[in-house]
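Respectively, the protein sequence lines represent chains A and B.
Each residue of the first sequence is one higher than the one before, starting from 402 at the first, in our numbering.
Each residue of the second sequence is one higher than the one before, starting from 4 at the first, in our numbering.
The hints are simulated quantities; they were obtained by calculation from the structure and are not laboratory data.
Hints may contain errors.
Said to hold, decoys possible - Derived lysine to any residue pairs resembling SDA-like cross-links, with alpha carbons at most 20 Å apart: (1) Lys9(B) x Leu448(A); (2) Lys9(B) x Gly677(A); (3) Lys9(B) x Arg468(A); (4) Lys9(B) x Phe647(A); (5) Lys450(A) x Met4(B); (6) Lys9(B) x Arg596(A); (7) Lys43(B) x Gly24(B); (8) Lys9(B) x Asp447(A); (9) Lys9(B) x Arg416(A); (10) Lys9(B) x Leu493(A); (11) Lys450(A) x Lys43(B).
To be verified - Covered stretches of chain A, as calculated for chain B (at least 3 residues, CB under 8 Å): (12) 441-455; (13) 470-477; (14) 523-536.
For every residue, glycine included, the Cβ atom is placed at its ideal position computed from N, Cα and C.
Here are the chains, one letter per residue:
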Amino acid sequence: MNVAQEEHPIAPYLRMDRMPHMWCPSCGIGIVLKCFATALEKTKMDLDKVSVVSGIGCTGRTAGYVRLDSFHTTHGRAIPFATGLKLARPDLKVVVFSGDGDLLAIGGNHFIHAAKRNMDLTVILVNNFIYGMTGGQLAPTTPTSANTSTTPYGNFETPFSVPKLAEACGATYVARWTCLDVRRVTRAMQDALQRKGFSIVEVIAPCPVLYARRNKLGAGLEMLQYYKEKCEICHEAGTENLEIAFQDKIPVGKFVDKPRPTFQESMHEWYRSRLGDKYKTIE
Amino acid sequence: MVLPGKGYRFHATGLTHDERGYPDMNVKTQDLLVRRLVDKIRLNADKIILVDERWMEDAKVVVISYGITSRVAVHAVELAREKGIQVGSLRLISLWPFPEKRISQLAGKVKSFLVPEINYGQICLEVERCAGGKCATISLPHMGGDVHTPEDILAKIMEAVK
């Protein structure tokens, strides 16, 4: 068969009637989505029982492209929506798929509380260091000195280190990779999907049109070259020293894999011990 | 709406969307969507509107209140009734859709509406619009910090029935 007529390997996981997608050429989100579809395939999950929830932004559009029960919620509210869904339907695997601005700024408080509670959610956080869809504004992850549309003389703030933040708040699985490393991203997603509790995979991805262009870093390909040159795998480093300075080394790896009871497990155990047979629940 | 996890694999978005639930940002889809959403309320207004009417049979003045103010307003009407004043109370439980029909009907029968509210006068404008000039609408604003006292409202009722 002509290659052009062959079905793409991840087509069964996508809403092909919505293609082409709206992401810019050489944006990294498509790669992350491919990794996610592959991870679903490899884990052989019942796709009727997987739900994707996203917020607003470029990565937020992912929910609209996956052929699963999918919810494109309001800005920053992917985690609270996902929390509600998981509480009401504990049989579902709930995946939050969103960007750094959505999850860490507008939704920052939800992020820290869901990690604190150890809500049974898999969070895929695509970090492109900037607000893409709204026009290249400063994000909570923008490296110090980087130029954005709201910091035209460079950013003087210190960015969030996602793994450090997640671990400090109580996440039970934390990994960071760049979208250059598709096999490791996929494997981390498989791990995260199979863990119980608040698991997060941070994927560094290029925003060629805003972040790279404003900072004169070339196009997506040059960004991938940067990832290739500056990535350092440091599984055992601990989350203390994982900051990413502007165009400097990117520490990647699996940093936390430490199970503890999930919100629902703790809740059921607590109320059963207090209320005995009076406690009725859905599980 | 179907439930997630049942195999439909549907998509829901807060963006302007078409009948499949897919984002589709254009004037035509926006027009269809907004009309459909608003008409869901408008066409079912009679089933949605909730009001609580008291002492309405012979009322010459009707106090129209909502929210926390209605606790005071209903008591003020009670006090007025004890004095033999012909006053009724219309407590709005739902504000949208607005009970236009009922207020318009009452406007034809009473002398005035009295609208106490904790702001500089907002719902009194809606009431005035629905009254359509058939009776007077008196605003009794209160700037907040606490609620009206029953005496404030009672005094205004006494003025209105004169």
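Consistency of the hints with the structure:
{"no.": "1", "hint": "Lys9(B) x Leu448(A)", "verdict": "10 Å, holds"}
{"no.": "2", "hint": "Lys9(B) x Gly677(A)", "verdict": "32 Å, violated"}
{"no.": "3", "hint": "Lys9(B) x Arg468(A)", "verdict": "13 Å, holds"}
{"no.": "4", "hint": "Lys9(B) x Phe647(A)", "verdict": "46 Å, violated"}
{"no.": "5", "hint": "Lys450(A) x Met4(B)", "verdict": "17 Å, holds"}
{"no.": "6", "hint": "Lys9(B) x Arg596(A)", "verdict": "23 Å, violated"}
{"no.": "7", "hint": "Lys43(B) x Gly24(B)", "verdict": "17 Å, holds"}
{"no.": "8", "hint": "Lys9(B) x Asp447(A)", "verdict": "11 Å, holds"}
{"no.": "9", "hint": "Lys9(B) x Arg416(A)", "verdict": "18 Å, holds"}
{"no.": "10", "hint": "Lys9(B) x Leu493(A)", "verdict": "10 Å, holds"}
{"no.": "11", "hint": "Lys450(A) x Lys43(B)", "verdict": "31 Å, violated"}
{"no.": "12", "hint": "441-455", "verdict": "holds (count 4)"}
{"no.": "13", "hint": "470-477", "verdict": "holds (count 6)"}
{"no.": "14", "hint": "523-536", "verdict": "violated (count 0)"}
Consistency with the previously given hints fails for numbers 2, 4, 6, 11, 14, ordered from lowest to highest.
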